[in-house]
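A.B. asks: In case you want the letters, here they are:
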Amino acid sequence: MADEPKPPQQPESSPPEASGSSAAPPAPKSAAPPSPAAPKPAPPAPKPPVSLQVPLDNELVQRYRARFGAVVQDAIEDRKQAYLVIDSSQLSEVARYSRDEEKFDLLEDFTAVDWPRREKRFDLIAILYSFPHNIRLRLKVPVALDDRPASLVEIWPAANWLEREIFDMFGIQFDGHPGLKRILLPDEWQGHPLRKDYDILQQDTAWVRENLGIESGQ
Amino acid sequence: MADTVQEDATQKNGTLLGADELILNMGPQHPSTHGVLRVKLKLDGERVRGTECVIGYLHRGVEKIAEHRTYQQFAPYVDRMDYIAAVSNGLGYCEAVEKLLNAEAPLRARVIRTILTELQRIASHLIWLGTHALDIGALTPLFYCLREREEILKIFEKYCGARLTTHAFRIGGLQYEAYDGFEKDVERFCKDFERRIQEYVDLLTGNSIWIGRTRNVGVINSADCIALGASGPILRASGVKWDLRVAQPYAAYDRYKFEIPVGVNGDTYDRYMVRMEEMRQSRLICLQAIENIPEGPILGKVGKVLKPPAGEIYHSIEAPKGILGYYIVSDGTTQPYRVRIRPPSFINLQAFDKMVRGHLVADVVAIIGTLDIVLGEVDR
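These protein sequence lines are chains B and H, in that order. The numbers in numbering that gives the first Met the number 0 rise by one with no breaks, and the one at position 203 of the first sequence is 202. The numbers in numbering that gives the first Met the number 0 rise by one with no breaks, and the one at position 262 of the second sequence is 261.
Hints in this document: simulated from the structure, not taken from any laboratory. Careful: at least some of the hints might be erroneous.
Derived DSS-like pairs: lysine-lysine, alpha-carbon spacing no greater than 27 Å straight-line [unchecked claim]: (1) H/K240 x B/K102; (2) H/K300 x B/K79; (3) H/K306 x B/K79; (4) H/K353 x B/K102; (5) H/K240 x H/K63; (6) B/K195 x H/K306; (7) H/K63 x B/K195; (8) B/K180 x H/K63; (9) B/K139 x H/K300; (10) B/K180 x H/K98; (11) B/K195 x H/K98; (12) H/K63 x B/K119; (13) B/K180 x H/K353.
Whole structure, please, built from the sequences with the hints as guidance.
C.D. replies: Right, here's the structure in full:
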């Protein structure tokens, strides 16, 4: 589970998107390179991979490790921003500790990222901010498609709509959410658009036909 | 009963309603909802007992589009979220990508960015003030506000050719050098604006109708604000002296002195006072900045093909409406792997239910106005 974006995804992520969603990519992929001047010579000269992600072991991380042990799977600093990789089984405990003990009183954002090739397909990203300490911390929680991570609404009420948006866009179900339903898309919509296997041109044509009275929304 | 109304209001059948209760649908086509917000109100006579916001009418899938564009190609799209503060959106996005690239814009670019962003804050607050007052029944301020906003839009137009969705900045700095007479125009506006602001104050601040419609309406305390994630003027009006421009300075804000206005009660009147003071402070920032715009290049070395090293970044700025954040994941290619936008309007709107309960129907309009939402940003 130590596969953080950098090492595994680099070889992995560009091919799967090209093969996974075969219909759309040709258009944007081919549209991108021709616009700048020299498309070909640029790629063959990749700089040696500078390690921007370094393991982090400051006092904050040590406190988390002491408290939660192996639940804190990893602690990384990426471009001077810290994040912890947390096992989803203890998400609400870690969240409660973060709010009460470490004074991360603001859930600034809560979102997800889809890595379709991974065993645990999604990363939940909680961006925390502490008013007393003026620092940010990200919690990164890998979850599988049929996992039901604990809802954070009890801890940060701000999570209510954010979790609804994650459910809407990624289809991740949260356990204990007071009213988990779609928020931006219509309730009857089929599919979760921000998944990587949902094509950019894809839509719920049946819904569009039925509710808008047109053949296609394109 | 009152505690569970949010669930009740969402019930399709109204059979659980008491005899004197009523579900009233407001919007999406309603002039005071500032776009296509739809609110289901559960009423007991004139009192609001519960609400449910129905949003998404303007959803365009901006975050999905981002994954299929290069970093530069996506920049114009962010202008179309909060379209009355397009410059601020652009600033947040450009700085986020610069951080992802481990680059920084030159000082001259950052100073000019600061000036334009603060002008944009004034313009955004002017739209808020005009429409908010209009909703409550004061017609005149709208014309005054649009008159001043026009001056700002003229500066934008002279600078980059666009007035609304400006795309004023480029990743790495600026595309355009400030035009001849830019400082003079900004100075003329700022000098003039002091007098103009006094006109709004004369119209509203001591006006007993205005006070009656806004004081103790939509009260929210600081603990609730933080729990619900509400930021920007809403948070400050409830007494939290916190501003990202000071807490974690970006652009060139560390070079200028300004005050963070705060309120006491967290009601609609306090939010009005906070935003009015923010306009004055923005004006002072602009005046400080034009005094000394450093010479130098306006575009840093970022290359023509942007390929940020794999990894991720979160960057947020104090937009006119609150914390505007960008969380960007790069997989080392020319297109972002994931762009997440933290929209202040969307998250502030969550506090609406808390603020509106127990108030009269007429206050709903005042509270939507004081939240200062833009549906383009709520729905993205």
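A.B. asks: None of the hints should be skipped; say for each whether it holds.
C.D. replies: These are the hints, each one checked on the structure:
A distance of roughly 17 Å separates the Cα atoms of H/K240 and B/K102; the hinted pair therefore holds under the 27 Å criterion. With a C-alpha separation of about 21 Å, the suggested pair H/K300 and B/K79 falls inside the 27 Å cut-off, and the hint holds. A C-alpha spacing of about 19 Å is found between H/K306 and B/K79, which places the hinted pair at or below 27 Å, so the restraint holds. Distance hint between H/K353 and B/K102 is fulfilled; the C-alpha atoms sit about 24 Å from each other, no more than 27 Å.
In summary, the hint linking H/K240 to H/K63 is not supported, as the alpha carbons are separated by about 36 Å, beyond the 27 Å threshold. For the given pair, B/K195 sits about 20 Å from H/K306 by alpha-carbon distance, which is consistent with the 27 Å threshold. A hinted pair counts as satisfied when its Cα atoms are at most 27 Å apart, and H/K63 with B/K195 qualifies at roughly 9 Å. The hinted pair formed by B/K180 and H/K63 meets the criterion: a straight-line CA distance of about 20 Å does not exceed 27 Å.
Proposed proximity of B/K139 and H/K300 is contradicted: the alpha carbons are some 32 Å apart, above 27 Å. At most 27 Å may separate the alpha-carbon atoms for a hinted pair to count; B/K180 and H/K98 exceed this at roughly 35 Å. Only pairs whose Cα atoms come within 27 Å are accepted, and B/K195 paired with H/K98 is accepted, the gap being roughly 25 Å. Distance hint between H/K63 and B/K119 is fulfilled; the C-alpha atoms sit about 21 Å from each other, no more than 27 Å.
As the CA atoms of B/K180 and H/K353 are separated by approximately 20 Å, the hinted pair is consistent with the 27 Å bound.
Checked against the numbered hints listed earlier, the structure breaks hints 5, 9 and 10; every other hint is satisfied.
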